[in-house]
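Q: Take a look at the letters that make up each chain.
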Amino acid sequence: MKLGRVAGTVVSTVCAPVFEARSLLLCDLEDELEQPRGSYVIAVDAVGVGVGERVLILDEGNSARQVVAIPDAPIRAVIVGKIDAVESTDRD
Amino acid sequence: MKLGRVAGTVVSTVCAPVFEARSLLLCDLEDELEQPRGSYVIAVDAVGVGVGERVLILDEGNSARQVVAIPDAPIRAVIVGKIDAVESTDRD
Amino acid sequence: MKLGRVAGTVVSTVCAPVFEARSLLLCDLEDELEQPRGSYVIAVDAVGVGVGERVLILDEGNSARQVVAIPDAPIRAVIVGKIDAVESTDRD
Amino acid sequence: MKLGRVAGTVVSTVCAPVFEARSLLLCDLEDELEQPRGSYVIAVDAVGVGVGERVLILDEGNSARQVVAIPDAPIRAVIVGKIDAVESTDRD
Amino acid sequence: MKLGRVAGTVVSTVCAPVFEARSLLLCDLEDELEQPRGSYVIAVDAVGVGVGERVLILDEGNSARQVVAIPDAPIRAVIVGKIDAVESTDRD
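Residue numbers (our numbering), protein chains in the order written: chain F, 1 to 92; chain C, 1 to 92; chain B, 1 to 92; chain D, 1 to 92; chain X, 1 to 92.
Treat the hints with care, as some may be off.
Stretch by stretch, here's where chain D covers chain X in the computed footprint (C-beta under 8 Å, at least three residues) [what the hints assert, rightly or not]: (1) 1 to 13; (2) 17 to 31; (3) 71 to 85.
Straight-line Cα separation of at most 30 Å, DSBU-like style, residue types lysine-lysine; simulated pairs [unchecked claim]: (4) D/82 <-> C/82; (5) D/82 <-> X/82; (6) B/82 <-> X/82.
Derived from the structure by calculation, the hints contain no laboratory data.
Computed from a predicted structure; not experimentally measured.
Beta carbons: idealized from backbone N, C-alpha and C, even for Gly.
Kindly produce the complete structure, drawing on both the sequences and the hints.
A: In structure tokens:
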């Protein structure tokens, strides 16, 4: 998984029902210090997030299909969570 | 998924029926500001687009097979939509 | 598989049960001389490791699902071991 | 898929029958202007091509297994066609 | 597939039986002229090779599972052969 930040909504005409009920969000990928890495991914929103939010992105088709609960959905990347923090000390 | 722009049609002799009825399009990958990223992907056209159009490309085999509705097609990348805009504000 | 070092714990609200009982660790990828390569991956901890430990990361969905023993878990990268050494001589 | 050019034949002792009847070809990846991109892939030849020919390479395991018609072949990249041209105008 | 050269053995405590009977080898990736490309992969040895040998690496989970003949092994990259040569002329 990767850390990202929602940069915008992709407005498009897409040929698959899975995208009709969910937003397609363009997410800039970031490093652990919240700096942009110069690349992006377009992911389906499975959580309900908005522009500017820091998110966790899972980029694997079978996982994405599980998350949206549609076994044959044509989908590869999905936003699976909101990031609260990356802590550099152990949490015991 | 990635944003791209159709740059041309690949004319080839390909050894699989899935390609006979569909165009193989060379798409330059772009960033969210429509600038080229210096790489490309060759994708099957599942939408009906032409050279110069801005498209949404899904690059995962199982998804691509769903989109063309051929469970055993040898195919990895597919154009799944036309991009109208990338909006950087929330749409509520 | 790749070599990495645990840099921190990702604190997030994630929409899948597989993450509830396991830590999500941010791991900096390293080369064989333990130098950082400038990239990272977020992996599920299947071993029990802490910040600073050198780990072996397996980044493939089907493998990760086997390791956590949940066939339909939405998961791609998993920490599968602790690295003791990389030896440059044969071990016969 | 990617565009490439056959640079040579890999002569090796490989531990899987799928490779016995087929050539393993080293293909330099190229851009749409036939310029090398500085990387390569080793692909199984499913078409019958020779050194110097411009080819279409499909780099996905399930697709490659379909093309060689061996459902459990350990294979990821396959040459699926010969490139005649990349045309930058629409073909209607 | 990629060309590589075995650089060392990874000594680790790994949480899956598939690794107990097989070596985990760190392989530097090389180009066709045997020059290092600056990256590596850790692969399971399915052939029996030693440090310094030039090898063929297959980096796809389903293929790797076929090669080790364990359908549910958590494994992605496997050494499938020893390279004798890369010949730049046709072999007819």
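Q: Work down the list of hints and note, for each, if the structure agrees.
A: Results for each hint:
1. 1 to 13: holds (count 3)
2. 17 to 31: Check failed, 1 qualifying residues.
3. 71 to 85: Answer holds; 7 residues pass the 8 Å Cβ test.
4. D/82 <-> C/82: Between residue 82 of chain D and residue 82 of chain C the Cα gap is close to 28 Å, so the pair holds against 30 Å.
5. D/82 <-> X/82: Satisfied, since the Cα-Cα distance of roughly 28 Å is no more than 30 Å.
6. B/82 <-> X/82: 28 Å, holds
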